[in-house]
Structures are given as structure tokens and as C-alpha cells.
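Enquirer: Protein sequences, first through last, are from chains A and B. Using our numbering, you'd call the opening residue of the first sequence number 1 and step up by one each time. Using our numbering, you'd call the opening residue of the second sequence number 1 and step up by one each time.
In case anyone wonders, no lab produced these hints; they're calculated from the structure. Incorrect hints may have been included.
Stated by the list, open to error - Which bits of chain B does chain A cover? Going by a derived footprint, with three or more residues having C-beta under 8 Å, they are:
1) 29 to 37
2) 90 to 99
Stated by the list, open to error - From the structure, some residues in chain A lie toward chain B, with a derived Cβ separation under 7 Å:
3) C79
4) T82
5) A88
6) P127
7) S199
8) P226
9) A279
10) L281
11) G282
12) S285
13) T309
14) A312
15) V313
The C-beta atom is built at its ideal place from N, Cα and C for all residues, glycine as well.
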Amino acid sequence: MTPSVVVVGAGPAGLVAATEAATAGASVTVLDERAEPGGQLRYRVQPVTSGIGSDAERPDRLADRLLDDALAAGVRFRCDATVAGCFAGLELLLIEEGATSRVVADSMIVATGSTDLPYPFAGATLPGVFSGRGMQILLNTHRVRPGRRFAIIGGASDAEELAVDVMLAGGEVVWSGIAPAPFLRAEGADGVRRLAVGSDHYAVDVIAIAVGRQADPALATMAGTPLAFSPDLGGLVPQIDDSLQSPVRGLFVAGDAAGVGSVAAVIAEGRLAGITAAASLGLASNEDVAAVRAAGGPELTWRLGRRTTLEAVTVQPYE
Amino acid sequence: MRDTGRDEREMLDAGAVFVCRCEEILLDEIVAAIADGAQSVDDIKRRSRAGMGTCQGIFCVPVIAAMVAQATGVPIDRVAGITARPPVRPVMLEALADLHSDVADEGESTASDEEGL
């Protein structure tokens with residue numbers, strides 16, 4: 001019987017992981033909670049590069065290309081399919097249209113992406129305060145601009161990207177920057193009207209918090225993968241080896257779920273997870289794995305290098 | 001947020017900072033839990049309910065971990081988060097009630113794919 005691989009998450013890492021494993025001969029199914037495969041590539045609009053030597057391209061075009069590759073390789077997709085849990089033996093609890101089912105496979109690749117880091121301050125639960133990526137989904141996927149005058153909290157690339165998205169959507173970025181949380185306060189009677197930064201006040205109707213992202217490896221953790229802390233990879237990340245294999249047999253983690261990175265980095269990592277999963281099922285050789293690792297370039301090498309020094313922090317597996 | 005019966009407006013006017021949005025747990029309550037002897041993120045979760053809501057700690061754990069590190073002197077890279085438990089996404093109880101014991105193997109599903117397993 002053809003060995004089976006389930007990939008959770010149809011973002012860039014999940015799509016290429018699925019393509020690699022299917023090309024090697026596995027029977028591959030991708031599960032994704034959204035209606036359409038593509039993940040972050042569907043709600044980001046500014047050009048991204050998919051790897052070394054690749055020109056920057058529109059994220060949705062890249063998603064279409066990666067999806068076409070996966071379909072051509074025979075990958076099957078189940079969208080609007082939410083994985084709510086992972087149990088012993090890599091058994092997944094799947095929710096589709098309100099109905100639950102259980103799915104197992106010989107191998108599982110967790111490519112569940114990232115979530116926005118929190119930055120709690122006074123008034124941050126008022127209507128009009130959003131997370132950065134939530135704001136991108138609202139602006140770019142749903143074409144809704146929830147206000148006119150924006151404040152963006154954050155000092156790095158996520159905040160810069162969001163500022164451009166806001167301006168492209170016709171919004172005005174009134175204030176952008178980072179300040180210690182005790183100096184920030186959102187004010188307004190029934191929604192955001194002002195942002196206080198120390199003694200300065202800015203009249204805004206939207207505040208977006210884009211201070212960075214963190215890996216979302218909950219399914220891998222639940223299955224028994226230890227966590228380790230890596231500032232370089234966004235905080236708590238799964239402790240996996242330099243082939244992206246978890247200590248839990250048959251389980252792999254790739255992309256932002258294994259530590260936040262660029263689109264090019266998560267694509268390189270997705271490929272490696274896909275070919276490693278195939279190799280673990282006897283469908284690829286160590287040479288195949290080495291070739292994919294070498295083709296990943298310096299950012300992949302750097303990310304894999306970070307993993308070798310991680311020390312697990314105590315985590316109690318779900319029982 | 002779930003309805004905790006707390007007056008959010010009143011708390012916001014008082015300058016309250018919500019650390020756990022799902023369970024409406026305030027920064028001051030985390031500080032109080034630590035003052036009462038909580039030594040870990042799990043301790044704080046069990047005392048306050050922080051991290052027990054629909055997002056399962058995605059929003060509050062990084063902040064609480066940093067507060068634990070600061071209060072206990074344990075380096076941040078040695079502070080564990082909370083145990084990941086199902087469901088990682090909200091599930092209706094009626095959906096779980098319908099769950100039968102059949103387990104679909106993706107490797108056997110190729111022929112019956114049209115039927116969605």
C-alpha cells in the first residue's frame with residue numbers, strides 16, 4: 001500500500017512539503033482551515049521572493065504556482081477543514097462543516113504557521129484595536145478598511161509591511177512605533193478615538209499591534225514534541241532535529257510553525273520536511289534529503305543551525 | 001471574550017490591562033497570583049484561568065512567561081508554557097457528540113476521495 005502523509009496547513013511551507021512528498025511517491029492530503037489553500041500568501045499583497053535567485057512576485061501568484069505544482073504532483077486538498085487536536089498514534093481530530101471525524105496517516109507534517117505576538121496595554125480591548133495580521137486579512141482579503149486614521153504599534157518588518165498595506169487601502173498612518181506598554185493607552189467611549197503615547201495624544205480610529213509573530217506548533221506539542229526557547233525563531237518553538245523531524249515517530253514540523261521566518265525560508269524548510277518525511281517512509285534516499293537541504297541556501301542552513309543548540313523546557317504531554 | 005459578568009467598561013476606565021482576553025484576566029491579577037506564590041505559567045493558569053479560554057493561551061502565555069521570568073529570576077529560555085490540549089480551535093459539543101469510532105487512514109482514502117472519506 002502507498003504510504004500516506006497528512007500535511008496540516010496549506011501555506012507556503014505546507015504546499016511545498018506536500019509536493020515534495022507526493023513527487024517522491026507518497027499519498028498526500030493537505031488539510032487547511034481556510035476556504036482556499038495559500039495561507040499567508042492570500043492575505044499579504046506586497047511582493048515576496050520564494051528563494052535564492054527568484055524574483056519578487058505577488059504573494060497570490062506565488063500561491064497559485066505552488067498550488068498548481070502540488071495538484072500536478074497528485075496532492076489532495078481538504079479545505080474548510082479544521083484540525084482541532086492530535087492524539088497518540090498521530091490521530092487527528094478533524095472538523096468539517098460542523099462534523100467531526102478522525103484521520104490517521106503514516107506520517108504527519110505540521111505546517112500550521114504563526115500567530116501575532118501580544119502586546120497588552122490599557123484600552124487594548126476596545127473595538128478598533130486589531131492584531132497586525134488580522135488587519136491584513138481584513139484589508140486585503142475582505143477589502144474592509146475599519147477606519148481612516150491608523151496607529152501601528154511595532155518597530156520591525158511586520159509593522160512596516162502593514163503601514164504600506166494601510167496606505168494602499170487608503171488609510172492614513174498617524175503614528176507608528178514602539179513604546180513600553182505602560183506608556184500606551186487606547187482611549188474612547190465605545191471604540192478607539194485616541195492613542196496616548198506617554199504624554200502625547202494621537203487622534204486615531206484604528207490601532208494595529210504588529211510587534212512580531214510566534215510559532216504555532218500546538219498540534220506537534222500535543223503529540224509530544226518538546227518545546228525550546230529561541231529568540232531567533234520567535235520564542236517557544238518545537239524541538240526538532242536538523243531534518244525537521246520530531247522525537248515523536250512520523251512527525252515533522254516545517255515553516256513558521258517551527259519558528260517564524262521569511263517566505264523563502266519557510267519554503268526551503270517545507271521542501272526539506274517533505275523529502276525527509278518521504279525518506280522516513282522509504283520513498284527517498286539520504287542523498288535526496290541532502291540535495292534538498294543544500295538547495296535551501298544560507299537562510300535554511302542558519303535556521304537549522306539554530307536548532308542544534310536548543311534545550312527543551314519542561315512540557316507535560318497531553319494524556 | 002466569554003461573558004465573565006465583569007464590567008469591562010469600568011475596568012477600562014480604571015486603566016485595566018487585559019493579559020488574557022478570552023477569560024478577561026487582568027495584569028494586576030497575574031501580579032497578585034505571583035505575589036501569592038505562583039512560580040510558573042501553569043501555576044498562574046490554575047489560579048486565575050488565564051490561558052484556559054478559546055485561544056488556549058496563544059495571546060497570554062508569552063506575556064505571562066515574561067512576567068514569571070522577571071519575578072522568579074528564571075531565565076526566559078527556561079520558562080515552560082502551558083500544556084497544549086485539544087481542542088486547539090473551538091469545537092461545538094454537538095460535533096463531538098456525533099464523533100464515531102471509525103478512523104480514516106489517509107493511505108486508504110485514495111479510492112473514496114470523492115466521498116470525502
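Enquirer: All hints are to be evaluated individually against the structure, with a verdict given for each.
Expert: Hint check results:
1. 29 to 37: violated (count 0)
2. 90 to 99: holds (count 7)
3. C79: Constraint on C79(A) not satisfied, violated at 11 Å.
4. T82: Holds. Min distance 5 Å.
5. A88: Violated. Min distance 12 Å.
6. P127: Violated, because the Cβ-Cβ distance from P127(A) to chain B comes to roughly 11 Å (cut-off 7 Å).
7. S199: 15 Å, violated
8. P226: Hint violated; P226(A) Cβ to chain B Cβ min 10 Å, cut 7 Å.
9. A279: For A279(A), the interface hint is violated, since the closest Cβ of chain B sits about 17 Å away, which is over 7 Å.
10. L281: 10 Å, violated
11. G282: 14 Å, violated
12. S285: 21 Å, violated
13. T309: Status violated, d = 11 Å.
14. A312: Status violated, d = 9 Å.
15. V313: At about 4 Å, which falls below the 7 Å cut-off, the nearest Cβ of chain B leaves the hint on V313(A) intact, so it holds.
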